[in-house]
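Heads up: the protein sequence lines correspond to chains A and B, in order. Using the numbering used here, the letters of the first sequence map in sequence onto residues 1 to 112. Using the numbering used here, the letters of the second sequence map in sequence onto residues 1 to 113.
For the record, the hints were derived by calculation from the structure and aren't laboratory data. Hints may contain errors.
Stated by the list, open to error - These stretches of chain A come out as covered by chain B in the derived footprint (C-beta under 8 Å, 3 or more residues): (1) 37 to 44; (2) 102 to 108.
Unchecked claim - In silico SDA-like links for lysine to any residue, alpha-carbon gap of 20 Å or less: (3) A:K99 / B:M31; (4) B:K7 / B:S18; (5) B:K7 / B:V112; (6) A:K99 / B:V112; (7) A:K99 / B:K7; (8) A:K99 / B:V62; (9) A:K99 / B:S9.
Cβ atoms here follow ideal geometry from the backbone N, Cα and C, with glycine treated the same way.
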Amino acid sequence: DQQVKQNSPSLSVQEGRISILNCDYTNSMFDYFLWYKKYPAEGPTFLISISSIKDKNEDGRFTVFLNKSAKHLSLHIVPSQPGDSAVYFCAASGGNTDKLIFGTGTRLQVFP
Amino acid sequence: SAVISQKPSRDICQRGTSLTIQCQVDSQVTMMFWYRQQPGQSLTLIATANQGSEATYESGFVIDKFPISRPNLTFSTLTVSNMSPEDSSIYLCSVDGGRGGYTFGSGTRLTVV
Numbered sequence: 001d002q003q004v005k006q007n008s009p010s011l012s013v014q015e016g017r018i019s020i021l022n023c024d025y026t027n028s029m030f031d032y033f034l035w036y037k038k039y040p041a042e043g044p045t046f047l048i049s050i051s052s053i054k055d056k057n058e059d060g061r062f063t064v065f066l067n068k069s070a071k072h073l074s075l076h077i078v079p080s081q082p083g084d085s086a087v088y089f090c091a092a093s094g095g096n097t098d099k100l101i102f103g104t105g106t107r108l109q110v111f112p
Numbered sequence: 001s002a003v004i005s006q007k008p009s010r011d012i013c014q015r016g017t018s019l020t021i022q023c024q025v026d027s028q029v030t031m032m033f034w035y036r037q038q039p040g041q042s043l044t045l046i047a048t049a050n051q052g053s054e055a056t057y058e059s060g061f062v063i064d065k066f067p068i069s070r071p072n073l074t075f076s077t078l079t080v081s082n083m084s085p086e087d088s089s090i091y092l093c094s095v096d097g098g099r100g101g102y103t104f105g106s107g108t109r110l111t112v113v
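With the sequences and hints as input, model every part of the structure.
Put into structure tokens, the structure is as follows:
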């Protein structure tokens with residue numbers, strides 16, 4: 001039972017354009033959502049988070065949108081840069097636990 | 001945020017043997033987490049390690065297969081015991097990095113042959 005789903009295994013975007021990575025979840029108890037970036041041979045790096053009391057959180061080029069009714073969140077990267085090429089994981093937690101449930105990841109490639 | 005040193009970074013092991021993975025944190029942390037990422041899969045939590053108590057294992061993971069030590073607030077080990085090819089994965093440790101995010105080690109890529 002995959003509670004956090006990233007249905008696009010890969011995404012290719014031209015440099016300077018917007019990258020939109022999507023994530024869906026099924027557990028209505030989730031109240032905190034995070035995005036991580038992972039380069040090969042490195043551990044995931046925390047990017048940005050959002051709690052369920054908000055519908056948008058912005059940090060520089062990265063913006064996360066949360067649609068609670070649709071149980072959907074997305075990460076926007078504007079403008080995309082070649083250094084953004086990595087695997088992006090969304091994760092969720094909720095209830096009385098700190099446990100993170102991860103999606104399967106989306107591989108983003110930003111080409112010149 | 002905390003910095004984690006994880007080793008080994010990779011290993012190739014014979015089936016039936018065991019491998020111990022170490023994580024050293026540059027600050028004291030209450031909880032450390034161990035994850036596994038099988039090929040093409042998401043990161044899956046194996047167990048949560050608290051200093052001074054037994055680790056708490058997630059469904060599908062047992063202490064006999066993945067014994068964990070947590071001797072102090074800056075160090076933990078995960079052992080993958082009696083390995084089979086199905087244990088070939090990336091193993092990562094993690095701590096609460098603040099700002100709501102978690103900091104991960106660089107991972108151990110294990111191949112069992």
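Hints not upheld, ascending by number:
Per hint list: 6, 7, 9 violated.
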